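Listed here are the chains, written in short residue letters.
Number of protein chains: 4
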Amino acid sequence: MNYQPILNSIYKAIKTTKDKGKVANYIPELSQVSTDNFGICLLNNTQETFKVGDALKPFSIQSISKVLALAKVFSLVDNDLWKRVDVEPSGNPFNHLSLLEHENGIPRNPLINSGALVIADILVSNLENPKEDFLQFIRTITNDNSIDYNLNVANSERLTGYRNYAAAYLLKSFGNLENDVEKVLDFYFHQCAIAMTCEQLTKAFFLFSNQGKCIQEKQILSKSQTKRINAIMLTCGFYDEAGEFAFEVGLPGKSGVGGGIVALLPNHFVISVWSPGLNSKGNSKLGMQALEKFTTETKISIF
Amino acid sequence: MNYQPILNSIYKAIKTTKDKGKVANYIPELSQVSTDNFGICLLNNTQETFKVGDALKPFSIQSISKVLALAKVFSLVDNDLWKRVDVEPSGNPFNHLSLLEHENGIPRNPLINSGALVIADILVSNLENPKEDFLQFIRTITNDNSIDYNLNVANSERLTGYRNYAAAYLLKSFGNLENDVEKVLDFYFHQCAIAMTCEQLTKAFFLFSNQGKCIQEKQILSKSQTKRINAIMLTCGFYDEAGEFAFEVGLPGKSGVGGGIVALLPNHFVISVWSPGLNSKGNSKLGMQALEKFTTETKISIF
Amino acid sequence: MNYQPILNSIYKAIKTTKDKGKVANYIPELSQVSTDNFGICLLNNTQETFKVGDALKPFSIQSISKVLALAKVFSLVDNDLWKRVDVEPSGNPFNHLSLLEHENGIPRNPLINSGALVIADILVSNLENPKEDFLQFIRTITNDNSIDYNLNVANSERLTGYRNYAAAYLLKSFGNLENDVEKVLDFYFHQCAIAMTCEQLTKAFFLFSNQGKCIQEKQILSKSQTKRINAIMLTCGFYDEAGEFAFEVGLPGKSGVGGGIVALLPNHFVISVWSPGLNSKGNSKLGMQALEKFTTETKISIF
Amino acid sequence: MNYQPILNSIYKAIKTTKDKGKVANYIPELSQVSTDNFGICLLNNTQETFKVGDALKPFSIQSISKVLALAKVFSLVDNDLWKRVDVEPSGNPFNHLSLLEHENGIPRNPLINSGALVIADILVSNLENPKEDFLQFIRTITNDNSIDYNLNVANSERLTGYRNYAAAYLLKSFGNLENDVEKVLDFYFHQCAIAMTCEQLTKAFFLFSNQGKCIQEKQILSKSQTKRINAIMLTCGFYDEAGEFAFEVGLPGKSGVGGGIVALLPNHFVISVWSPGLNSKGNSKLGMQALEKFTTETKISIF
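Heads up: the protein sequence lines correspond to chains A, B, C and D, in order.
Using the working numbering, the first residue of the first sequence is number 370, and each one after it goes up by one.
Using the working numbering, the first residue of the second sequence is number 370, and each one after it goes up by one.
Using the working numbering, the first residue of the third sequence is number 370, and each one after it goes up by one.
Using the working numbering, the first residue of the fourth sequence is number 370, and each one after it goes up by one.
Next up, chain A with everything else stripped away, as it sits in the complex (with noise of 0.2 Å):
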């Protein structure tokens, strides 16, 4: 199938939106990017691309990032995993410890900052150099080399990130934390300071539409692992709206507070979108009704 008409249609619909949402404003590196930006790409499962606007731009992925550590843990651990974290979506906005405390320091989910510390403790845990491991791997499913880590971005997010030191330090608490917090800290703000475009971002996330085989065709999860995060991403990849996600656009999919979203039919394809301005949920708001009117007029859906 040709998406590149549907892709144009879209981006000329939206582009001109004048409510493009704010961008998020903790740091100086997200701040100043400008909610003129606005790209889509497709990578389908026989590897054709489709792109609009500034799909080759890169942006920093956030909680995108979650997943692909995610996939490194399960890929490392299989279902050990699941004693540190549960598989419940949160119903909450990203960021709330009140879960956590009442649920005896087991986050609900790896997509929220506390499951993700978890995840990236255990990334800490199991790789001999956890950052350029992280980054290598991240490499290799996209086959490409110029992905890196922001390190303003890191470093930003180091000095502000007030609240991730409470989840991780609450962690500990519980002894859901098996490594320094400052250690796992500086992993997870490398992590999340990935800058990718939306074509490589359809590049990294090609294995969950294909049945856990990155785009070189290397095995990277099991089937049902892959069928098991596409379950996640669909019930928690978007915080407090991942049941409105669901119903609107019905795909498995993630967002980032750098405003990308990216979402899959399994064995079909993978679309990317990045416009960096927010909604008030933190999702990107032309990001979420670029997804809408495209699963609407193609009338594709997991359902």
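Heads up, some of the hints might be wrong.
Computed list of lysine-lysine pairs in PhoX-like fashion (alpha-carbon distance at most 20 Å, straight line) [claimed, not checked]:
no., chain 1, residue 1, chain 2, residue 2
1, C, Lys668, D, Lys668
2, B, Lys452, A, Lys650
3, B, Lys381, A, Lys592
4, D, Lys668, C, Lys592
So, partial list: chain B residues that the calculated Cβ filter (under 8 Å) puts toward chain C [claimed, not checked]:
no., residue
5, His465
6, Leu466
7, Glu470
8, Asn473
9, Gly474
10, Asn512
11, Tyr518
12, Arg527
13, Tyr531
14, Tyr538
15, Leu539
Think of the hints as simulated: they come from the structure by calculation, not from any bench.
Computed from a predicted model, the values in this text were never measured in an experiment.
Backbone N, C-alpha and C fix where the C-beta goes; we use that ideal spot for every residue, glycine too.
Following the hints, position chains B, C and D against chain A.
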């Protein structure tokens, strides 16, 4: 595809499980059902039926009825519905009132009790003879006039349903219940007291796997509405085990405390299981196992 | 000590306040009372009375009645009471059901609504003619047979008290309500609908400042019971403004949404204020100010 | 009044209790203290001392120090303090972060951990040499230069105080902590690690029973400030057992996990008890019993 061998094999493997869970004990009618009952039925989209065990024995569908009530409301008022109930997973047991209170009387989703009461309220407002008309709706979509309310069950629910009264009055205090509490609850207790067999249940849910068309090929819901109800089932259909079900089974579905579970693969089939013993989350213990086994062995999933 | 000059001076200073707060508007009987009403009465332990303003005009005592009901129950069942209700401050608005749910149906204290419903339930179980007997109790401790229920108020509460119905049914679901919800609420709505003047209120609370002996010198409560009710008033008497009242005023006391407040210095006096305008926490705005001024200027406090 | 006989009788009655509770075990310095230790000291307002048992053995005052830090801050910044911390009871265990999160980083009161961290932050901002100056303050109000920090305790707290780190970072994320987390916690861990005997503790709290004047007759707090701190102790001094303590004992007071409790009757006396075994709420088991017995037998109470 011939599903009979796989159903037989699952039935045989699971039937002999020693710990079959505990039957719901809050009303006599449910507590007296034997945990030995176990049936499975699958209805594919070409209307072939496969069944094994007690698939023709009626049981109380309980919360499974919420999806059917939601379908009826959706067909009547379309998206106006979403002003009064949200679509986010609750991550909480089915009867918690706390969320309702923190969110100004807007239930998290239509499948938790408070949300289902709002749905019942809309039916009471919009149907001429609510109980008769709703039963007729069920009979129409199943093409089966033998389906009926179990009045003993309805009456027992009324006598012990204090928490549902509490939820209804709380909704009323927030102005999110139009009709008298007694009237809404009378309808609701009847709705939950519908008795069906596994086979009837697959027929009732056929429309969700068939893009909105029921077994008589009548268009009950639009494709978009159907897709949305499936999304809600996936994210909210199993109380605080919704994430787990998506993760382990990977199909939209709904459970009831009568021990029934129904799930579906859009465009392919509906499958129902009945085993009255419940796990600690209030879902059928053997039912969950049967569906996990079914999707694991067939590798079927929406993900 | 002659309290007349200080009462006069407080009355004069506060009477002219422009922002007098807002009257409770959930029932007509309360919403139609003028915010110009303002009265103060002090009754010392030698039974001298000092008053100013509208101290002889009756108003709806509402939640203030909870202390009197608690006193009656305490005199009937003594410490058995504490199996069904706790004595901890709630730190929450008066009508939140969340705590009740998280704490298995044991209300935090007898002065929040759910706790007062348990108290009402005990009275219904233990009094032959609950409404008549409770009214007689009030008339006895005040030596005033003119005190009565305002039946219009009681009836209006019944018609709009959805949240109290919700609380009662929730208690019932936890097995912490022995009698029928309707019967308990009928009693409770009457109890809250007692009308008293500031002067009558000081008489009714005289026993709490007089080691358990009422104005007719009859021993209603033991010294220890009296001390305990005073402690509960101090920690729980003002919803989520209890700490503020202890901090600013420093006396045990209780407020009602009718705009009444009563407070007392053990062994010295009872003081009551009435001004129907409420602050954002639901306590009489001018009443709070008057009592703060009173204790600041007289330097009177239990601390 | 000669308090010696009543102290002796309480000591004798309670000393032999078999179940003495459990010592705090999160740091070695606290876990190794014998539960056999038991001392009581009373200092009346004419500066007579009555004591029994281990009243001259130093122990870690822990959270009791929060009241002394609050007094110092109140003397420095007066009511400006209340912009950053509230005065409402929490009704929750001492270390819950949930409330902090729901209330935008304003701790419920200065005696829960998060509130005490804000107090520590103000001291760090306002004292030239925070640790030295605060210790000097304690030495001045007790007229005892032998009082000191137990550096082993302070160091152990630092190594295991993950939850305090979490609270501090959460406050920081809400902008309610001016100084570096490490600096504030270093001060806080020292503050909690002050060691005192029962006798020294009565001297340190003498100012709260003496209208703000310390044992050297220096006016540390105004009468109004003193009254307010006493009110806060009464409503918030015992975590989620504050209501219980007001109800059973009826005096303002404060406990610490080192097993110390101090309470006072304004204008009359300060009493302190030490027994390291704790009850399930984290308060000294025998200490609570001793104070209940003391006020029951003497009929002393502010109520």
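Here is how each hint holds up against the structure:
no., hint, in the structure
1, C:Lys668 with D:Lys668, "24 Å, violated"
2, B:Lys452 with A:Lys650, "18 Å, holds"
3, B:Lys381 with A:Lys592, "26 Å, violated"
4, D:Lys668 with C:Lys592, "9 Å, holds"
5, His465, "6 Å, holds"
6, Leu466, "5 Å, holds"
7, Glu470, "6 Å, holds"
8, Asn473, "13 Å, violated"
9, Gly474, "10 Å, violated"
10, Asn512, "39 Å, violated"
11, Tyr518, "23 Å, violated"
12, Arg527, "13 Å, violated"
13, Tyr531, "4 Å, holds"
14, Tyr538, "4 Å, holds"
15, Leu539, "4 Å, holds"
Violated hints, in rising order: 1, 3, 8, 9, 10, 11, 12; the structure is consistent with all others.
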